[in-house]
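Colleague: What follows is the residue order along each chain.
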Amino acid sequence: MSSARPIYFLSDYGLDDDFVGLCKGVMLGIAPEATVIDLTHEVPGFGVEAGAEILEHATHYMSKNAVYLAVVDPGVGTERRALALLSADGAFLIGPDNGLLVPAVESLGGITCAVSLTNADYHIRPVSSTFHGRDIFAPAAAHLAVGLDHTLLGEVVDPASLVRVEPFGMEKEGTNTIVATITSVDRYGNARLSAPVEEVSLSFGALLKVEAGEDGDMLVRYVETFGHSKIGDLILVPDSHRRLSLSMNKGNACRALGLRIGNQVRLTLLENHSERHVGRDAEF
Amino acid sequence: MSSARPIYFLSDYGLDDDFVGLCKGVMLGIAPEATVIDLTHEVPGFGVEAGAEILEHATHYMSKNAVYLAVVDPGVGTERRALALLSADGAFLIGPDNGLLVPAVESLGGITCAVSLTNADYHIRPVSSTFHGRDIFAPAAAHLAVGLDHTLLGEVVDPASLVRVEPFGMEKEGTNTIVATITSVDRYGNARLSAPVEEVSLSFGALLKVEAGEDGDMLVRYVETFGHSKIGDLILVPDSHRRLSLSMNKGNACRALGLRIGNQVRLTLLENHSERHVGRDAEF
Amino acid sequence: MSSARPIYFLSDYGLDDDFVGLCKGVMLGIAPEATVIDLTHEVPGFGVEAGAEILEHATHYMSKNAVYLAVVDPGVGTERRALALLSADGAFLIGPDNGLLVPAVESLGGITCAVSLTNADYHIRPVSSTFHGRDIFAPAAAHLAVGLDHTLLGEVVDPASLVRVEPFGMEKEGTNTIVATITSVDRYGNARLSAPVEEVSLSFGALLKVEAGEDGDMLVRYVETFGHSKIGDLILVPDSHRRLSLSMNKGNACRALGLRIGNQVRLTLLENHSERHVGRDAEF
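Residue numbers (the working numbering), protein chains in the order written: chain S, 2 to 285; chain W, 2 to 285; chain X, 2 to 285.
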């Protein structure tokens with residue numbers, strides 16, 4: 002078995018260019034035994050909050066000895082710091098100091114040590130002003146994967162000094178209404194809402210009014226799976242990240258309703274504990 | 002050399018989300034030495050037949066000790082079974098019981114043992130109702146890659162009970178006409194037809210009438226390669242899956258003719274054994 | 002540590018089909034220990050020059066013992082040769098004889114030996130007329146990765162006989178004007194110009210007139226990073242390939258200006274050594 006730590010790589014680089022390949026080539030040169038797994042490279046452009054959510058979610062499924070390399074970095078070339086974080090659980094997280102790493106490291110037990118990647122001995126030189134993924138972050142991740150002492154990468158900094166971002170949240174209005182944000186849309190057109198399933202007390206079959214997009218109100222059922230709805234039904238389901246998802250059985254909910262990432266969705270609970278099937282509202 | 006079996010991964014998850022990355026992370030945790038190769042993650046959405054064709058084709062090129070992980074799963078969250086199949090050739094195939102695995106396992110010698118993946122000890126829990134790739138299929142593939150006895154994954158089931166799908170076929174009309182289906186369209190706009198080259202007795206240079214799309218009839222030549230046609234020529238060529246492909250030299254045949262996956266194409270043989278070059282018909 | 006050479010894979014196959022997966026499966030069968038890294042599979046269709054530039058750039062970051070597998074091959078199925086090149090630095094490069102490999106091998110010290118891949122013992126048979134990546138190039142790369150003597154792959158040929166392509170260049174007009182070509186556009190809309198930063202003597206803050214697209218003249222500053230401009234500013238920056246890039250801070254320069262790969266851009270130097278910030282011209 003390889004003695005190198007696995008590297009989990011998330012970015013907004015996409016796969017149309019050679020950005021990801023160059024980062025991997027740099028890592029392979031430093032850590033030939035490390036396995037690199039792509040979490041995703043399609044974090045919506047400059048989407049620090051979206052990237053932070055995906056990275057935090059991934060920590061629940063990845064090896065404990067992981068190195069997370071995360072690059073969503075609209076501030077590249079400015080004074081923002083480049084970081085390596087050691088979590089209490091023993092994982093490393095590498096990326097810009099813009100909040101991207103914070104929810105993930107908190108999920109991994111919190112920050113044991115934070116280092117600013119200022120030691121040029123571990124940079125690829127000349128350091129580009131636009132591509133720190135290749136020149137600063139990837140080499141740091143690879144060195145950590147093969148056992149370098151993280152304090153050699155630069156100066157230890159105070160964890161309290163790290164930039165944090167407000168994670169996507171939801172608001173409650175009274176006792177039966179929540180307002181959530183669409184945090185991502187997958188290829189099937191399912192809209193992930195910023196509402197964790199655990200924080201809403203819905204029973205399967207619950208009936209809700211949905212206000213979203215330009216199409217007025219709709220009625221939806223909260224169901225356990227697509228299999229509990231009919232083709233074309235608009236539904237709420239718990240998704241793979243344990244969030245509420247606004248979905249359409251065999252259809253594309255976002256296209257049908259004109260919804261996008263960042264849109265607000267208001268959900269009003271009309272009826273809980275019901276199993277009766279209700280289709281789409283007539284006015285929809 | 003690694004003692005783990007290689008894992009070949011096919012799905013319709015796309016690469017825009019973290020679905021594939023999460024499945025790989027789960028597999029790496031169980032089978033750190035296994036190499037995972039992406040066959041493709043762009044099987045057209047819910048395309049069980051298309052996925053089955055791609056998977057079957059791949060079996061001709063992959064290692065004998067392969068583990069195939071295939072997830073095109075419109076029935077996720079319903080009662081459809083999750084399967085692991087052992088082929089007579091010694092490969093494993095993991096995926097939903099919807100026909101996706103059947104042509105591939107038949108190409109690998111047929112089913113020696115079929116297991117329904119009901120043993121929760123080998124699931125990632127809690128099992129999501131929408132993402133069995135991560136929670137049921139990927140862990141099963143990884144356990145098999147590192148040598149787990151497949152009968153531990155659940156209950157042995159009768160191979161005759163498996164769901165089968167009708168593979169894309171072609172019909173003959175009289176002695177000189179076939180009707181085939183467009184089973185896939187590649188990035189260059191080449192339309193793969195459901196007609197295996199071996200089952201049509203065309204000689205290179207044969208002249209055919211094509212009826213497809215909205216543009217009336219066209220004449221095409223069956224040629225060995227693009228190099229045997231002129232730029233802009235519409236041609237039939239044997240493609241990399243040994244199927245007839247309707248193609249345009251340096252052009253995009255599907256865009257030009259308004260063709261899509263699932264469209265029917267009627268081919269009538271006008272002239273065999275001819276080498277004379279005929280361009281596109283005047284009415285096209 | 003693996004004794005196999007790493008394989009760096011570049012193509013125009015895209016990831017929507019199974020082309021890349023099949024090539025990797027073939028390589029894994031021959032060289033189970035080799036690590037394959039995707040440089041990119043989105044070289045613009047039939048873009049031999051663009052692929053050559055990406056491949057050459059990558060050589061500056063990859064391991065010295067690399068095997069480069071590069072397939073941008075509009076001539077597949079014609080008489081063009083299939084090549085393996087050994088560079089003076091000890092790397093191998095595999096691909097079609099159409100100029101794709103030449104800038105890279107020159108960057109790696111020049112050609113020590115060139116072999117035409119004519120030995121059918123190292124082909125996957127039957128050899129498809131449209132998919133030499135799977136049937137000829139990938140197996141050659143894998144055999145070289147695990148130490149096969151390259152002269153066994155076919156006939157040694159004269160390096161002087163190789164097809165070369167004119168790399169993207171730039172023209173000088175008088176002392177203060179250059180005309181460059183847009184060689185690629187990344188996902189953020191940045192236009193890479195065929196002008197190497199080293200060959201233009203610009204100081205940061207220099208003011209230039211840009212003529213490109215349909216929008217008449219614009220004024221831009223040459224800045225070190227995006228951080229030295231304001232949101233919405235059109236700028237010139239040195240990009241990750243050490244080329245001039247025409248970019249828009251937090252915007253999409255190519256969409257804004259209607260620019261595409263292949264367009265010509267004329268740059269006239271108005272003012273050097275200035276740090277004064279000038280925004281976009283009023284007429285733009």
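Mixed in with the good hints there might be a few duds.
Which copy? The list can't say, so a pair holds if one copy fits it or any two copies do.
Stated by the list, open to error - No more than 25 Å apart at the CA atoms, straight line, and that leaves these computed lysine to aspartate or glutamate pairs for DMTMM-like:
#, residue 1, residue 2
1, K251, D187
2, K251, D159
3, K231, E156
4, K65, E212
5, K231, E174
6, K251, D122
7, K210, D187
8, K231, D150
It should be emphasised that the hints constitute simulated quantities derived from the structure, not laboratory data.
Colleague: A separate judgement is required for each hint: does it hold in the structure or not?
Modeller: Results for each hint:
{"no.": "1", "hint": "K251 <-> D187", "verdict": "both (13 Å within a copy, 24 Å between copies)"}
{"no.": "2", "hint": "K251 <-> D159", "verdict": "neither (49 Å within a copy, 30 Å between copies)"}
{"no.": "3", "hint": "K231 <-> E156", "verdict": "neither (58 Å within a copy, 30 Å between copies)"}
{"no.": "4", "hint": "K65 <-> E212", "verdict": "neither (41 Å within a copy, 54 Å between copies)"}
{"no.": "5", "hint": "K231 <-> E174", "verdict": "neither (31 Å within a copy, 38 Å between copies)"}
{"no.": "6", "hint": "K251 <-> D122", "verdict": "neither (53 Å within a copy, 31 Å between copies)"}
{"no.": "7", "hint": "K210 <-> D187", "verdict": "within (23 Å within a copy, 42 Å between copies)"}
{"no.": "8", "hint": "K231 <-> D150", "verdict": "neither (56 Å within a copy, 39 Å between copies)"}
Checked against the numbered hints listed earlier, the structure breaks hints 2, 3, 4, 5, 6 and 8; every other hint is satisfied.
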